[in-house]
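2 protein chains.
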Amino acid sequence: MIADERKKQIRQAAIKVFLNKGFRNTVMNDIMEETGLSRGGLYHHYGSTYEILYDLMMDGNLYRRNIIQKSINDENLRLSPNFFSRIIVDKMLAESDYAKIYVMFLCELKENEDLKNLYMKLKKESIQVFKELFSSLSIDIPSDETFEFMINIINSGLMACEVLGARANFIENKKYIMEMIDTYFAKVLNSKEGAK
Amino acid sequence: MIADERKKQIRQAAIKVFLNKGFRNTVMNDIMEETGLSRGGLYHHYGSTYEILYDLMMDGNLYRRNIIQKSINDENLRLSPNFFSRIIVDKMLAESDYAKIYVMFLCELKENEDLKNLYMKLKKESIQVFKELFSSLSIDIPSDETFEFMINIINSGLMACEVLGARANFIENKKYIMEMIDTYFAKVLNSKEGAK
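Top line first, the protein sequences correspond to chains A and B.
Okay, so the first sequence: first residue is 1 according to full-length UniProt numbering, each after it adds one.
Okay, so the second sequence: first residue is 1 according to full-length UniProt numbering, each after it adds one.
Pulled out of the complex, with its shape left as it was, chain A reads as follows (with noise of 0.2 Å):
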């Protein structure tokens, strides 16, 4: 198998036991376990768990962008702010194992430094995506603070959701965060308007 392809096999055991265990709880023997691979054979790929989830992000980060594409695609309609809030608001809600080991990757940051490094250039590019979907709508585009101000929201929400337990209560609350959302994308555009 090449290295590529092992590395793969390697993350894949790692999400399964990631979610059974939580990252935590979880070290490079139970990742020997789950793919059967020697301490050798997992240690030549795989230095830590760290490094493991560092590489699921980087993953992850392909994936969503995809995500956001397609719904775009599927969309066929005039882009709006509204249409923000709603892609916004369901990254927030959904319920996935992606989301679940994001989570336990933001709970990680205070404890390793290379994933906070991580965290800060997935941030970067995010505000970098926000952008250029922004550009296609014929309105001023936003500050990078407005950006980061976004992810921020969409990052507690899944915190909230995973940690808190808070995902039922705020599917209830649906209609209503799209309406905070839509409220800040409203005032924050104005207010760069009234600014000219």
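It is worth saying that the hints were derived from the structure and are not from the lab.
As the structure is a computational prediction, the values presented were derived from the model and not from experiment.
Take the hints with a grain of salt, since some may be wrong.
As the list claims (entries may be wrong) - In silico PhoX-like cross-links for lysine-lysine, where the CA-CA straight-line distance does not exceed 25 Å: (1) A/174 x B/175; (2) B/123 x A/174; (3) A/91 x B/110; (4) B/110 x A/110; (5) A/91 x A/187; (6) B/91 x A/187; (7) B/174 x A/124; (8) B/123 x A/100; (9) B/21 x A/21; (10) A/174 x B/131; (11) B/116 x A/21; (12) A/91 x B/187; (13) B/100 x A/100; (14) B/187 x A/175; (15) A/100 x A/110; (16) A/175 x A/187; (17) B/174 x A/187; (18) A/131 x B/174; (19) B/187 x A/187; (20) A/7 x A/100.
With the hints as your guide, set chain B onto chain A.
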């Protein structure tokens, strides 16, 4: 020293250690060292770091009630939903040792059943506090789900500040967060009016 005072002394020492090392990286030995107690002396009062965290959260709940009561007294104004938005946002963005330890508590909910039960209990009590405050307004009291939503919003904001380092960005966007929460109260109170 009587038991209550000794326990309080242990909790004070634990706060120091938790802030320094993080809850997850703290073991009972660290707290033994910080307090200068013997192993037997410490374990007589607390069996684990989880038990200490539990009691700290019970302390915090009392503290929080007092804060809210105080800001209502200081206000000397007629209460309004807008005033609640301000309480909520101030609570979310405040940097304090208590906020740090409270977020450590939230991040441990999945790992410890006792903490999870305590969280449910604290949430119920907070809903009760909100209800009492709202009952002094001459408007219909929103449902428990509405208050639960606000509590989830506060907690997810606190987690974002501490875990994601989002505080600076949230402070920049403070006026928008206020407007988002005002929007929520306006819509949810309106919809109740409309449902009559």
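Results of checking the hints against the structure:
1. A/174 x B/175: Roughly 22 Å between the alpha carbons, so the hint for residue 174 of chain A and residue 175 of chain B holds.
2. B/123 x A/174: 20 Å, holds
3. A/91 x B/110: 22 Å, holds
4. B/110 x A/110: 18 Å, holds
5. A/91 x A/187: Cα-Cα ~22 Å, so holds.
6. B/91 x A/187: 23 Å, holds
7. B/174 x A/124: Given pair residue 174 of chain B, residue 124 of chain A holds - Cα atoms ~22 Å apart, limit 25 Å.
8. B/123 x A/100: 23 Å, holds
9. B/21 x A/21: 24 Å, holds
10. A/174 x B/131: Judged against 25 Å, a Cα distance of about 22 Å means the pair holds.
11. B/116 x A/21: Distance ~17 Å between residue 116 of chain B and residue 21 of chain A Cα, so the pair holds.
12. A/91 x B/187: 23 Å, holds
13. B/100 x A/100: Satisfied, since the Cα-Cα distance of roughly 23 Å is no more than 25 Å.
14. B/187 x A/175: Between residue 187 of chain B and residue 175 of chain A the Cα gap is close to 10 Å, so the pair holds against 25 Å.
15. A/100 x A/110: 18 Å, holds
16. A/175 x A/187: 18 Å, holds
17. B/174 x A/187: 12 Å, holds
18. A/131 x B/174: OK: residue 131 of chain A and residue 174 of chain B at ~22 Å, within 25 Å.
19. B/187 x A/187: Holds, at roughly 17 Å.
20. A/7 x A/100: 21 Å, holds
When the structure is compared with the earlier hints, no violation turns up for any of them.
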